[in-house]
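Read top to bottom, the protein sequences are chains H and V.
Residues 14 to 476 (the numbering used here) are what the first sequence spells out, left to right.
Residues 14 to 476 (the numbering used here) are what the second sequence spells out, left to right.
For the record, the hints were derived by calculation from the structure and aren't laboratory data.
The model shown is predicted, which means the values in this text are computed figures rather than measured ones.
One or more hints might be untrue.
A pair counts as met if it fits within one copy or between any two copies, since identical chains are not told apart.
As the list claims (entries may be wrong) - Heads up, simulated SDA-like pairs for lysine to any residue below, C-alpha to C-alpha not over 25 Å straight-line:
(1) 330 with 182
(2) 164 with 33
(3) 199 with 437
(4) 330 with 33
(5) 199 with 169
(6) 199 with 165
(7) 465 with 229
(8) 162 with 199
(9) 259 with 26
(10) 199 with 325
(11) 437 with 323
(12) 164 with 203
Protein chains: 2
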Amino acid sequence: MIDWIADYYENIEKYPVLSQVKPGDIKSQLPEIAPLESESMEQIMADVNSIIMPGITHWQSPNFFAYFPSNSSGPSVLGDLLSSGLGVQGMLWATSPACTELETRVLDWLADMLQLPDKFKSTSEGGSVIQDTASSAALSALLAARERKTKYQTNETGTRGNLVAYVSSQTHSSVEKAIKIAGIGKNNLRLIGVDENMAMQSDLLETAIIDDIHNGLIPFFVCATVGSTSTNAIDPLTEIGKISQKYELWMHIDAAMAGTAAICPEYRHILDGIELADSFSFNPHKWMFTNFDCNCFFVADRSALIKTLSILPEYLKNQATESGAVIDYRDWHIQLGRRFRSLKLWFVIRNYGVNGLRYHIQEHIRMAQQFAEWIRSSDEFDLVAPAPLNLVCFAHKNGNEFNRELLETINKNGEMYFTHTVVKDRYVLRMCIAQTHTTEEHVRKAWKNIQKTAADLTLTDPK
Amino acid sequence: MIDWIADYYENIEKYPVLSQVKPGDIKSQLPEIAPLESESMEQIMADVNSIIMPGITHWQSPNFFAYFPSNSSGPSVLGDLLSSGLGVQGMLWATSPACTELETRVLDWLADMLQLPDKFKSTSEGGSVIQDTASSAALSALLAARERKTKYQTNETGTRGNLVAYVSSQTHSSVEKAIKIAGIGKNNLRLIGVDENMAMQSDLLETAIIDDIHNGLIPFFVCATVGSTSTNAIDPLTEIGKISQKYELWMHIDAAMAGTAAICPEYRHILDGIELADSFSFNPHKWMFTNFDCNCFFVADRSALIKTLSILPEYLKNQATESGAVIDYRDWHIQLGRRFRSLKLWFVIRNYGVNGLRYHIQEHIRMAQQFAEWIRSSDEFDLVAPAPLNLVCFAHKNGNEFNRELLETINKNGEMYFTHTVVKDRYVLRMCIAQTHTTEEHVRKAWKNIQKTAADLTLTDPK
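Okay, chain H solo, but in the shape it has when bound:
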């Protein structure tokens, strides 16, 4: 299997990046009934090759520029394999002390690598935990915020329709989902307007808060974004943080992809203001070579989180927990059970070294900036939003329909894969450069491909 995976990475560029199958193509090749008797691994792997592989969109291809990435690396895959092999379930300290203590240590490493304030470290009042995704982290933050604001009474009595949360129009959809899940209701979520850089306008935030207070409502939560999904916009953390403190809101920072950049001293400024935040999360499974899933969620006051999510039935009681000397991470997230996910993160940080990680991040940003420069110098394309890091949003001057056709033609061709967004009513193409094995050559080829496809389309379909 290890050989199979090595071969796969060797040959990954031979596959169309975006799977070209039609709905039902894969399912129709799979038997309708499970086999009664054992089948050999050879039979199964033959089906992997013939049935599954055509239905794969190759997230690990160096020509994958879509969405935010979900990159990976050799040490990560090995660490994850070790986790599968050990098969421990780290819900409590006692159910594998190493699972808890390695996690605590590695997350403290990350806090230092990101130059986070001490309050987010396990040695202070705060701490951190590995969650599956930034969605779950945002939900956990929102719940702790809800409980802190209502003196931990909402857990007992339910919500009452008077709590209000704030995001910008560019905040990730997971926060809206969390608002619904938490029983707050979408009507109590305010979408604050953004400036020309797509960043939240803090004066509008304050106005909205004051309005809500006037109307007898209770502002309790704001999510600021560092690197929005659409355009990598960065909200003004310091200003939002000051407003949060003034009105006693819980400030959560979602830096799902971009957060990784802050391990490079020259990009650490994207987190300036984080000292005012109550929680922060980013995904090593996006841009830090650690395979999905691995979200790191930092909280300044761990007691708020634990008081919100803790349940202790008899069958989970044990001496270590009762002693109070240990962390039981089950109280830090939605689920009870948990994988030994810190292993892969530990493998990645040690095998790359902090400098090795920085090098790759710096290269990605350098390539993206070069791509942005090509766009700026082009007569046919516009840079549609600032490109502070590794995501470049651009559009051909020929209008929305043309851009849609351009995207679909290129993705169908299979040499590369990128996705779109809409910015100020423009259909915009997104090039996100963060795949582990992407080199300048891949980016250069992508740019040629985009130019050539646009030229061909202009000829066949002049506007």
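Given chain H's structure and the hints, the job is docking chain V onto it.
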């Protein structure tokens, strides 16, 4: 790494099952700061051996009888490795069609293996999805129930303190956690009493519902359990189902561990009444040789679930989704991102074959029944609850303190690991027999160990 794992399984019985380290032992051996430069895999693996391994509680040991198991197998580890290697993120059909379509097919296989009603299959109005844990599945069910009952308005307006949910005193704590998360409030959760077999008393359920309606409240959800965590108690599904239908409650069935037994025709009766349920979940990562995490969540009306959890921002729009011809599993759970978890399940079902899986389940139950018989024939121990499947709850006649001491002595000794619960004020020992490699010899040795330790304790500490 594969060799390391093979060696580990070879030698697993040499380790103390429950890790014997003290709080802080592991962490204190790990450097406080991440390495700047790359370290070799050899260095890392040396630390795995010397630092991590002493901090492992060996869930995969055949002498692990604690909690509910989290068992695994060779094909599962390989399938999970393939998932890590491919590194696809299956949030949308388009982001890897095989990830979605294999999942749909394998879950339909499982529906047939469990003889579930057609309504839970993808070919009907229902369907199923792999979630991480039964906690997340219960939360998803609860949210869909909340929305269906309030005509999908709670997502908009928030909860209003008038919805009421029902569980038994034996229901897993994850439902109480879900009630809090969903903004319903613990005060609106009724704990229905149980009979002498620790099963929910359906007449008390109906009485509670009627009371709540009289008080102007809105009953909306009941969770029935097949195989409770404490004692493997089985709630009366048919009676609870009829009451649910009469009062229009969403009935969720939590069969986290015990559900797997229903793939054996002779134990399928544990699910009798499931045709009245709205949702059902069980964990192949507990007792079906599929490593954590893998929960299968079945729902009779997928539209209720999707309407509850769907969010569609611009950057996730794509032709396949808009066509309506595909499943986007991100709308079926809390998170957005998702691993390719059906691979390991597919590998397990094919490599074992349904008959192979049944054989191991039957063996586990046979061994547990034998152990229960030993307890019944013993003069010193009582069988404290019925043992319908693979969990045996028993207690020494010498009282609670003695049983606590017995448990702690045995676990500290390291030859085996089991845990406790409290039943009718008795401190009770739990033997759960479900580990992949547990044989009759292990169970026999465990029983001898229990008897001998009890005898030694009686001598040194006579009551």
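Check the structure against each numbered hint from earlier and tell me which ones fail, lowest number first.
2, 7, 9
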